[in-house]
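First to last, the protein sequences are chains H and E. Positions 1 to 323 (my numbering) are the ones given, in order, by the first sequence. Positions 1 to 266 (my numbering) are the ones given, in order, by the second sequence.
Read the hints as simulated data drawn from the structure, not as lab findings. None of these values were measured; they are calculated from a predicted model. Careful: at least some of the hints might be erroneous.
Claimed, not checked - BS3-like, lysine-lysine: derived pairs with alpha carbons at most 27 Å apart:
| # | chain 1 | residue 1 | chain 2 | residue 2 |
| --- | --- | --- | --- | --- |
| 1 | E | Lys239 | E | Lys185 |
| 2 | E | Lys104 | E | Lys185 |
| 3 | H | Lys128 | E | Lys239 |
| 4 | H | Lys132 | E | Lys239 |
To be verified - Just so you have them, the derived chain H footprint on chain E, three or more residues with Cβ under 8 Å:
| # | stretch |
| --- | --- |
| 5 | 76-86 |
| 6 | 157-168 |
What the hints assert, rightly or not - A few chain H positions that, by computed beta-carbon distances, are all more than 12 Å from chain E:
| # | residue |
| --- | --- |
| 7 | Pro83 |
| 8 | Asp88 |
| 9 | Arg172 |
Heads up, the beta-carbon is just placed ideally off N, CA and C, and yes, glycines get one too.
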Amino acid sequence: MIEVQHLTKRYGPFTAVDDVSFKAERGEILGFLGPNGAGKTTTMRVLTGYMPPTEGKAIVAGYDVLEQPIEAKRRTGYLPETPPLYPDMTARDYLTFCARIKGVPRSERTSRVGAVMERTRIADVADKHCGKLSKGYRQRVGLAQALLHNPEVLILDEPTAGLDPKQIIETRELIKELGGDHTIILSTHILPEVSQTCNRIVIINRGRVVAVDTPDNLTARLRGSETMYVQLDALGADAGNALSTLPGVTRVSESDRRDSIIGYEVESESGRDIRRDLAASIVGHGWGLLELRPMRLSLEEIFLQVTTEDAAAPEAAVEASVE
Amino acid sequence: MRRRRKPQWRPALSNIWAIAQKELKGYFASPIAYIVIGLFALMFGYFFYALLVYFDRQAMQMAAGGGQSVNVNEQLIRPVFLNANVIFLFVLPMVTMRIYAEEKRSGTIELLLTSPLTDFQIIAGKFAGAMALYAAMLAVTLPHVAVLFWFGNPEWIPIVVTYLGLLLMGGCFISVGLLISSLTKNQIVAVMATFTVFLMLWVINWIASFTGPTTQAVLNYLSITDHLDDFTRGVIDTKHLVYYVSFIALGLYLTMQSVDSERWRG
């Protein structure tokens with residue numbers, strides 16, 4: 001559905017996007033994650049045909065955005081970072097105008113405009129001027145505009161920016177709903193957003209893709225080894241030493257201690273499930289097992305890990321982007 | 001950017017029409033249309049009054065002298081419209097300054113450039129919208145002319161031809177304004193630059209008489225307002241028609257280039 005191949009965009013001497021490649025399949029919601037200034041908006045602008053790439057190509061819904069821009073644009077809905085509203089138009093007039101220039105047939109315009117207003121919950125402000133709307137409504141009118149011609153591909157640049165928590169949840173639900181029959185790319189710098197809405201994540205930093213994977217795999221892959229957290233009540237005993245002698249365990253470190261209750265992080269060879277042995281050993285020693293759970297990096301940690309890795313070792317970043 | 005698309009006339013025209021309507025509504029939704037039309041009506045009214053009073057005196061002197069009668073077309077309508085030029089010179093930059101600059105400032109240009117529209121359709125639509133506002137300004141002058149028909153007996157063909165000439169001349173101004181507006185985000189810059197260019201195009205042949213014959217011909221040819229002269233006499237000369245139409249086409253073409261290069265620069 002969406003294919004980006006070796007995309008590079010330079011503004012004069014500044015490289016905003018550097019050899020970015022990724023794909024999104026039909027019906028997939030792809031999260032585009034990166035700090036501000038990472039090149040998210042630039043990549044999206046190339047995908048929507050707003051600007052041409054310096055090198056590389058982008059194919060949207062089967063059409064090269066540079067070779068057949070009109071066909072590609074017909075199949076793309078785009079919500080830019082700032083919703084592109086005309087302040088002097090009412091929301092309804094604005095959407096009707098958008099429907100016209102997006103080629104929605106005259107007979108369907110009114111019903112399409114009504115339908116998207118319903119869907120984005122803006123029907124109550126339909127006859128207000130866009131310039132007088134709150135940030136949340138403006139954002140949703142912008143989203144309505146992107147949905148008007150029922151495009152195969154939706155490109156949403158920070159769709160939840162400026163919304164209040166309730167609206168954020170509603171918008172996420174809407175995006176998930178749309179995910180079924182639309183291919184969606186959404187950018188954000190808010191991490192929970194991608195883990196909640198996206199099937200796959202592209203992490204981008206300084207114009208480069210540093211990781212592409214599902215939220216789950218990303219969490220797993222970035223762990224070199226498996227880590228368990230165990231909390232036990234073992235007064236006076238050197239539990240740490242005992243645990244490190246278990247088969248498969250590579251390292252044990254104490255992470256917290258409160259009186260006799262100690263928490264350990266137990267690392268093991270990857271792919272080996274040591275939970276049973278761990279539990280048996282603890283119980284066998286007569287200690288109280290209070291907690292045993294696999295530790296996973298939160299997206300925040302992954303994000304920090306990959307973005308700092310990237311800064312430290314550019315070679316590793318290139319490898320990741322080949323994926 | 002090369003487009004490999006067969007021209008499809010109906011959707012193209014409907015896109016241009018959509019943009020033109022949006023532009024025209026935009027003028028009337030903001031104070032711009034009212035200010036521009038109002039100022040024009042005021043100034044034109046004054047010009048008309050001043051020249052009418054002058055014409056009246058001339059007519060009475062002529063009648064008293066028992067000589068030939070005065071010609072309303074030659075001695076009133078023509079000077080009125082030649083003077084109206086100057087008003088357009090001042091007023092039209094206010095119309096064109098925002099055409100692109102405003103879209104760039106507010107980010108709505110992103111909507112237009114990512115919709116299935118060609119650059120030409122966007123530019124043609126914007127041009128048509130500005131032309132429609134200009135036509136509305138010209139419409140303000142119709143009652144003045146009607147009054148002359150009420151009390152006098154002017155020829156109508158030269159008047160129609162004059163309006164045609166004015167539309168073409170305004171088209172030139174608007175295409176230049178459109179080009180300048182596409183070059184900047186800043187409306188003040190756009191309005192000043194446009195005004196300067198208009199003024200130059202008006203006065204460029206003032207120095208013509210001090211130059212050699214070739215330069216003189218070139219300078220005279222370049223002056224936008226000079227080409228209006230024959231139209232106000234009721235003469236449609238292909239030379240002037242070609243000048244105006246190619247001037248407009250060049251302006252729109254350069255605007256397309258400017259919009260396209262802006263894309264590449266980002």
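Status of the hints after comparison with the structure:
{"no.": "1", "hint": "E:Lys239 to E:Lys185", "verdict": "violated (36 Å)"}
{"no.": "2", "hint": "E:Lys104 to E:Lys185", "verdict": "holds (6 Å)"}
{"no.": "3", "hint": "H:Lys128 to E:Lys239", "verdict": "violated (51 Å)"}
{"no.": "4", "hint": "H:Lys132 to E:Lys239", "verdict": "violated (51 Å)"}
{"no.": "5", "hint": "76-86", "verdict": "violated (count 0)"}
{"no.": "6", "hint": "157-168", "verdict": "violated (count 0)"}
{"no.": "7", "hint": "Pro83", "verdict": "violated (8 Å)"}
{"no.": "8", "hint": "Asp88", "verdict": "violated (4 Å)"}
{"no.": "9", "hint": "Arg172", "verdict": "holds (23 Å)"}
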